[in-house]
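Novice: Model the full structure from these sequences, guided by the hints.
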Amino acid sequence: NAGVTQTPKFRVLKTGQSMTLLCAQDMNHEYMYWYRQDPGMGLRLIHYSVGEGTTAKGEVPDGYNVSRLKKQNFLLGLESAAPSQTSVYFCASSYSHPANTGELFFGEGSRLTVL
Amino acid sequence: AQSVTQLGSHVSVSEGALVLLRCNYSSSVPPYLFWYVQYPNQGLQLLLKYTSAATLVKGINGFEAEFKKSETSFHLTKPSAHMSDAAEYFCAVSATSITGKLIFGQGTTLQVKP
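The listed protein sequences derive, respectively, from chains P and U.
Going by this note's numbering, the letters in the first sequence line up with residues 1 to 115, in that order.
Going by this note's numbering, the letters in the second sequence line up with residues 116 to 229, in that order.
FYI, nobody ran anything at the bench for these hints, they're computed from the structure.
These figures come from a predicted structure and were not determined experimentally.
Where a beta carbon is used, it is the ideal one built from N, C-alpha and C, also for glycine.
Please note that a few of the clues may not be correct.
Each computed DMTMM-like pair below joins lysine to aspartate or glutamate, with the alpha-carbon atoms no more than 25 angstroms apart [stated by the list, open to error]: (1) 164/U x 62/P; (2) 164/U x 108/P; (3) 164/U x 38/P; (4) 184/U x 103/P; (5) 164/U x 179/U; (6) 164/U x 59/P; (7) 183/U x 103/P; (8) 164/U x 79/P; (9) 9/P x 203/U.
Which bits of chain P does chain U cover? Going by a derived footprint, with three or more residues having C-beta under 8 angstroms, they are [said to hold, decoys possible]: (10) 39-48; (11) 103-113.
Only some residues are given here: those of chain U computed to face chain P with a beta carbon under 8 angstroms [said to hold, decoys possible]: (12) 124; (13) 135; (14) 184.
Specialist: This is the structure we're talking about:
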């Protein structure tokens, strides 16, 4: 009964380093999302995907790239990390239209610190 | 375009008191509205949702919310707070039913005092 799993859960990077966050879901959901959570700003959408092989930009996409090579996985990459990318990152998934009524299933988050 | 405003970043109530968390939305189309709850060091989970059916929506753990179109509001209430209700609460509006994207408010931290 895993649901949405994110790895790693914690990571510390130096400015300019690269890394990839992995999100895996076992609910056969079509849609997947990456959000970042910052104090006082709620959750902001970085990128999302409406199916295998597709990705689209969200509200704050700059400095991030994503890939959806397999339906169950959604990867978030930082090519050159900056301190402004220090945040908690959440992956989520959902059913596709028309079954989707907005309920997102979230992972437990990945806390990233960029020094 | 859709947006959500949560009034009050912190709300403190005594155990047993009424909980009222305020949310106002802006939407150019009939909205889908949601409340999510986040307990410490966890992801968000759905508390309740409004999808154009009944305007009074009941959720888990005794919470409910009322959709008021004239006031563009979707406030969350619970008659009697419990210590376990202490968490951060997020109101959200669906940007579109096609992609499932949600626009979240800034969040309200609920503190429950004994």
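Novice: Going through the numbered hints above, which ones does this structure break? Give me the numbers in ascending order.
Specialist: Hint check: 1, 8, 13, 14 fail, others pass.
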